[in-house]
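Student: Residue-level listing of the chains:
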Amino acid sequence: MAQHQVNYASSAGLPIALTSVDKLVNWGRSNSLWPLTYGLACCAIEMMASGASRYDFDRMGTIFRASPRQADVMILAGTLSKKHSEFARRLYDQMTEPKWVISMGSCANTGGMFNTYATVQGVDRIIPVDIYLPGCAPRPETLQYALMMLQKKIRRESANMNNNTKQNLRLV
Amino acid sequence: MQQVNKLTPFFENLNFERDDNTMVINFGPQHPSAHGQLRLVLELDGEQVVKAYPDIGYLHRGIEKMAENMTYNEFLPTTDRLDYIASTSNNYAYALAVEKLLGIEAPRRAQVIRTMLLELNRIISHLFFIATHALDVGAMSVFLYAFREREFAMDLMEDYCGARLTHSSVRIGGVPLDLPAGWVEKLASFCAKVNHEVEHTYEALLTENRIWKMRLENVGVISAEDALSWGCTGPMLRGSGVKYDIRKEEPYELYSELDFDIPVSDRCDSYGRYRLYMEEMRQSVRILEQLIPMYAKTEPQLMAHAPQYISAPKEEIMTQNYALMQHFVLVTQGMRPPKGEVYVPTESPKGELGFYIKSEGEPYAYRLKCRAPSFFHTGLLQEILVGTYIADVVTIIGTTNIVFGEVDR
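Residue numbers (this note's numbering), protein chains in the order written: chain A, 1 to 172; chain B, 173 to 581.
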């Protein structure tokens with residue numbers, strides 16, 4: 001009597017692909033990063049240029065959302081003033097988990113050239129930052145690269161956010 | 173006691189629950205149509221705005237105070253961050269004010285290059301205006317088309333000065349660099365492109381568009397008296413039928429030699445202003461086309477000759493001892509303009525941009541004040557938003573074309 005054995009992995013008889021939950025979840029997360037339109041100053045113009053026709057963020061699955069409830073990534077583009085800082089924190093808190101932050105430009109990284117009484121000297125004093133993006137203002141290519149680095153970072157992370165070290169960095 | 177991890181609500185002084193049947197809503201400071209960090213507190217009766225209160229200061233960076241602790245040349249890159257959509261117009265306004273204070277004039281070639289850059293920046297700024305204004309009103313494709321053309325202008329700026337957004341392309345006393353090879357030809361083809369696109373893309377998409385007309389016509393009406401009394405300048409004033417342009421009234425640079433018109437609209441509404449912006453782009457192209465032949469006829473000198481204030485050209489610094497000494501003093505200590513005060517207005521893409529500088533003869537300005545057009549247009553919002561519907565608020569903010577870098581400074 002013939003013995004029928006099906007090797008599901010090799011003989012492509014059934015549409016099966018093997019993966020881990022982490023990889024599957026991160027595949028989804030990293031390829032549909034929806035940033036919040038959070039333009040603060042000059043860098044916001046370059047952020048808009050990245051979303052517009054020449055640099056075209058849409059092809060990377062990156063679609064700008066106007067509401068923090070629908071966004072995964074906060075791109076802090078520009079100078080954060082002390083008057084605005086509580087709103088930045090509030091918007092970050094309103095975003096649903098999982099969430100990431102890109103600090104775009106020198107002002108957002110360290111306060112940049114504006115070492116004055118009015119400016120927050122780096123947004124990492126307010127919210128935890130994943131990617132720091134140098135430049136004043138960074139070119140759209142730089143922002144694209146930052147987004148690709150963030151995708152790489154997400155793919156390395158555990159899908160269960162509780163296992164990630166970022167939890168320990170929460171300021172609250 | 174307040175918890176350390178909880179931020180205090182900012183609205184505690186605002187009464188949202190009201191007895192008189194009006195509703196208070198908060199618009200911004202993070203709103204995709206707020207053109208930056210504008211916060212509006214709107215009191216609504218149904219859908220109509222009863223009272224509007226623009227709250228500014230969310231992008232206050234202390235730029236004017238910084239100017240008091242920086243030498244004159246050191247401060248120039250900071251002016252980029254005022255109106256960051258057209259950086260060169262800020263650089264230029266500042267450089268012109270300092271030049272007036274010093275009593276020097278840029279050489280002819282520098283003037284041609286500066287005027288070219290100023291008009292190129294006007295086109296960049298107007299393209300940005302039409303892109304964002306159309307996006308706010310709901311015409312997404314215009315945004316994509318306008319940014320496509322804007323990128324060509326950005327490439328031209330990048331070829332000249334190396335930066336896309338923050339140009340610093342003007343120096344006190346001239347320009348740092350000559351135009352690179354082939355730049356003028358690229359500019360000429362860009363001019364043709366802008367002329368073509370304005371007519372065949374933006375105007376074809378918008379001017380007779382039914383939705384566009386419904387959203388813009390008779391929205392944001394400003395009478396000529398209102399515009400004058402609120403201190404409007406630029407397209408906001410010309411959109412109300414007042415023919416006032418500093419390029420004609422108090423010509424600076426080469427504008428007195430150039431042949432161009434000042435478009436005026438009597439409609440007083442957002443639609444008239446949109447037509448005005450389109451026409452101004454055509455006039456800018458016209459100016460650029462006149463400047464291209466002027467460039468070839470100029471001498472190669474780029475910086476004014478004023479050894480007391482401005483370093484000699486690089487070759488002289490490297491070959492002559494005295495020029496090197498002077499350069500060293502100017503770099504380490506900064507130039508010391510004579511005592512006095514100066515205010516110079518220029519026509520930036522948004523209106524009258526002027527710098528007031530008070531000098532005590534030190535290398536640092538005693539006081540620097542920037543008269544930015546957007547600041548006055550933001551104040552105007554409390555007047556023109558009253559009585560409009562909440563859906564028109566975004567249109568009106570778009571039509572004022574305010575940039576918060578120069579409102580809050």
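Source of the hints: derived by calculation from the structure; they are not laboratory data.
A few of these clues could be false.
[As the list claims (entries may be wrong)] Dumping the calculated DSS-like pairs for lysine-lysine here, alpha-carbon to alpha-carbon at most 30 Å:
id, chain 1, residue 1, chain 2, residue 2
1, B, Lys541, A, Lys83
2, B, Lys469, A, Lys82
3, B, Lys223, A, Lys82
4, B, Lys365, B, Lys486
5, B, Lys486, B, Lys272
6, B, Lys237, A, Lys82
7, A, Lys83, B, Lys237
8, B, Lys385, B, Lys358
9, B, Lys530, A, Lys82
10, A, Lys83, B, Lys223
[Stated by the list, open to error] Which stretches of chain A does chain B cover? Using the computed rule of at least three CB atoms under 8 Å from a CB of chain B, they are:
id, region
11, 34-42
12, 45-59
13, 74-87
14, 103-116
15, 133-145
Because the structure is a prediction, the values reported are computed rather than measured.
Ideal Cβ placement from N, Cα and C applies to all residues, glycine included.
Student: Confirm or reject each hint.
Tutor: So, going through the hints one by one against the coordinates:
1. B/Lys541 to A/Lys83: Answer holds: lysine 541 of chain B to lysine 83 of chain A is near 22 Å, not above 30 Å.
2. B/Lys469 to A/Lys82: 51 Å, violated
3. B/Lys223 to A/Lys82: Satisfied, since the Cα-Cα distance of roughly 27 Å is no more than 30 Å.
4. B/Lys365 to B/Lys486: At roughly 37 Å apart (the allowed maximum being 30 Å), lysine 486 of chain B and lysine 365 of chain B break the hint.
5. B/Lys486 to B/Lys272: With a Cα-Cα distance of about 24 Å, the restraint between lysine 486 of chain B and lysine 272 of chain B holds, given a limit of 30 Å.
6. B/Lys237 to A/Lys82: With a Cα-Cα distance of about 16 Å, the restraint between lysine 237 of chain B and lysine 82 of chain A holds, given a limit of 30 Å.
7. A/Lys83 to B/Lys237: 17 Å, holds
8. B/Lys385 to B/Lys358: 35 Å, violated
9. B/Lys530 to A/Lys82: At roughly 29 Å apart (the allowed maximum being 30 Å), lysine 82 of chain A and lysine 530 of chain B satisfy the hint.
10. A/Lys83 to B/Lys223: At roughly 23 Å apart (the allowed maximum being 30 Å), lysine 223 of chain B and lysine 83 of chain A satisfy the hint.
11. 34-42: Coverage by chain B holds for the region 34-42 of chain A (6 residues, Cβ < 8 Å).
12. 45-59: Coverage by chain B holds here, the residue count being 7 at a Cβ distance below 8 Å.
13. 74-87: n = 7 at 8 Å, threshold three: holds.
14. 103-116: Holds: 3 residues of the region 103-116 of chain A have a Cβ under 8 Å from chain B.
15. 133-145: Satisfied; 3 residues make the cut.
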